[in-house]
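Asks: For the protein sequence lines, the chains are A and B, in the order given. Per the numbering used here: the first sequence ends with 462, consecutive numbering throughout. Per the numbering used here: the second sequence ends with 1244, consecutive numbering throughout.
Worth flagging that the hints you see were computed from the coordinates, not collected in a lab. A few of these clues could be false.
To be verified - With a cut-off of at most 30 Å between alpha-carbon atoms, the simulated DSBU-like pairs for lysine-lysine come out as follows: (1) A/Lys363 - A/Lys104; (2) B/Lys1002 - B/Lys1210; (3) A/Lys220 - A/Lys59; (4) A/Lys237 - A/Lys304; (5) B/Lys1129 - A/Lys441; (6) A/Lys441 - B/Lys1123; (7) B/Lys1179 - B/Lys1237; (8) B/Lys1190 - B/Lys1129; (9) B/Lys1148 - A/Lys373; (10) B/Lys1224 - B/Lys1190; (11) A/Lys132 - A/Lys40; (12) B/Lys1224 - A/Lys441; (13) A/Lys170 - A/Lys137; (14) A/Lys382 - B/Lys1055; (15) A/Lys373 - A/Lys10; (16) A/Lys382 - B/Lys1075; (17) A/Lys40 - A/Lys237; (18) A/Lys220 - A/Lys158; (19) B/Lys1053 - A/Lys382; (20) A/Lys11 - B/Lys1108; (21) A/Lys44 - A/Lys10; (22) A/Lys441 - B/Lys1132; (23) B/Lys1210 - A/Lys441; (24) A/Lys11 - A/Lys31; (25) B/Lys1123 - B/Lys1179; (26) B/Lys1190 - B/Lys1006; (27) A/Lys15 - A/Lys59.
Stated by the list, open to error - Covered stretches of chain B (chain A as the covering partner; in silico rule of three or more C-beta atoms under 8 Å from a C-beta of chain A): (28) 1006-1019; (29) 1076-1083; (30) 1092-1102; (31) 1145-1158.
Glycine included, every Cβ here is placed at the ideal spot set by N, Cα and C.
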Amino acid sequence: MGGSMNDYAKKFGFKFAERPVHQSEPGISKKIVNEISEIKGEQKWISDSRLKALEHFTKRPMPTWGPDLSEIDFDNTIFYNKPTDKAVQNWDELPTDIRKTFDKLGIPEAERKFLAGVGAQYNSEMVYHKIKEDLAKQGVIFVDPDTAFKKYPDIFKKWFGTVVPHTDNKFAALNSAFFSGGSFIYIPPNVEVKMPLQAYFRMNAENMAQFERTLIIADKGSKVHFMEGCTAPIYSKDSLHAGVVEIIALPGSHVRYTTMQNWSNNVYNLVTKRAYAFEDAIVEWIDANIGSKISMKYPCVVMKGKGARADILSVALAGNGQNLDTGGKAIHLAPNTTSRIVSKSVSHDGGKTNFRGLVKVKKGATDVKSHTKCDALILDNKSFSGTIPQLDVNEDSVSVGHEATVGRIGEDQLFYLTSRGLNEDEATAMIVNGFFETFVKELPTEYAVEFNRLIQLQVGRI
Amino acid sequence: MKLEIKNLHVAVDGKKVVKGVNLAVSEGEVHAIMGPNGAGKSSLSYAIMGHPKYKITKGKIIFDGHDITEFSPDKRAKLGLFLGFQHPLEISGVSVNNFLRTAYRSLKSDSMSILELREFVSKKMSQLKMDKSFAGRGLNEGFSGGEKKLAEILQLVVLQPKIAILDEPDSGTDVDTLKLIAQNIKSVNKKNNTGILLVTHHNRILKYLKPDFVHVLVDGKIAKTGGPELADKLESKGYGWVEA
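Work out the full structure: start from the sequences and follow the hints.
Replies: Quick look at the structure:
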């Protein structure tokens, strides 16, 4: 992908020398799991749960139903890299290289302008975590999991691992064994966090694996928008990112979770994201995948309470060497629940996208409404797109719909735009941006501009 | 400033559709091309603008002294050539405003700010009696036939090219829309000195525009050239009397 790779290199792919305060030996072992527990000074129930998860990971076969994962080199991957002693609340207290990294990525600036709180993860740990004072005063909690274990053990223990247990899948097991970094968020009843909270994930080291863990609990009637972004330098060897996100949306709450996944093209991105939506709660996953070598990610909402609503918007842009297997899952366990899954994918320059969707309606979940729509755009003959929707409906009084389109950019469309002075790359980028419009208008302005620029970088072959 | 078509032959999918057209349109002039269905009028328009499907097998297109026969459409546009489409394409999710801004920026080097440009576009829109909300709609997305025609003319008056080929800007429009379209073509012709090459089936738009020349295209060739009186004659007698 020549041009666009260079653009990525300049804007996101820079790297600084690694100066971790601790780094584990490469490979997977009980010893390293224990080492992590020890460094973090964890309670026994956590270190035990890690070991149980490791055991499960070892026993569980690699999933073979999706993209090829056989080349992941676990033996030569570093599973824990601690960059600093502790997370700070002041950017100036960070080591210069780390501070410079986040400066270049524009995180402190975004924080000043429009964010309610920021967590910044570098390799295996959060190095910065801060929330605006007025929110802290209202009881909003936004800390890394290590702090949460110590300061808020009751609420953490109650929910941790309940939405995504380590037995869920092989990579959830791996995360549960090695998790480090991420966020714990608690929004008290009826508190509305007006500006987004954001976590940014950066993998600086080569050949590493990042396993952040995010747990969001939105108490009754509260509202929050959480955003995450990620990038990494370009290395010739592959890295692994296997995050787990658990959301508990208690009755009447509204949680929106926006992801802008922009890993470099040497990262395996295998993420489990799931939410419980209780009575009348709304959960929205807004999930964009532009980067990574292989992504497998199907954000899920389990509607456990009457009247709960799920909105999943998943977009993917796959270029040369990328295989983005994404989608969404809506599980209706209660009556009068509603779900909408919208997928938009673009493949170009030999890239591959695949939509995988699941809509499940349990017996007794009456008057369910669900609609799935997936649109794919294929920019050339080298690229691919697939659709694998799955329906499992065990109730009669439901309305479940599915529609799918696959399109190519027509010669006439390109001619129309080029006749107005746009060159072919600009015209293509414009059509692709228009195709993603449904997604872009869900983003805060600053991110919308950024997203459109990313598309231009990727699609424009300069 | 002149657009010169010299002995132009065009084939599409191997089929000859334009068979030796000679034509010269200077800035400020208004030319009309009429002719029966399938005579090659749209093919000629596409070929002049550089549609990749319309292959020029012989002849040349000269624009402002440059041989643009091999130029890409965007290069032709940058020199000041414009094509108003008979069937404009839908570009889903791209607003009219965003599109006009992008096109304007790629064609013009002036330093109009985003706000000035928006103001400029909005003035042109009121000139075409278009509702303000139009600017926020997806380009040609769900537009009625008349709205599509107006949107093409909006692009013409915003981009102010040196020479504009307008492929049936009047077809399928009601009387009021037709009048608006004609007025705006005339204004860009008079105020900006834009040369117009108008493809039409109807004499009505020509009543407003008063072309300097009327050409009749029959079977890929210009069979006759005259003044506005030629259009009158075609209206009453049809194309049958014109020899190909």
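Asks: In ascending order, which of the hints set out earlier in this document are inconsistent with the structure?
Replies: As far as the earlier hints go, 1, 3, 4, 12, 13, 15, 21, 23, 24, 27, 28 and 31 are violated by this structure, in ascending order.
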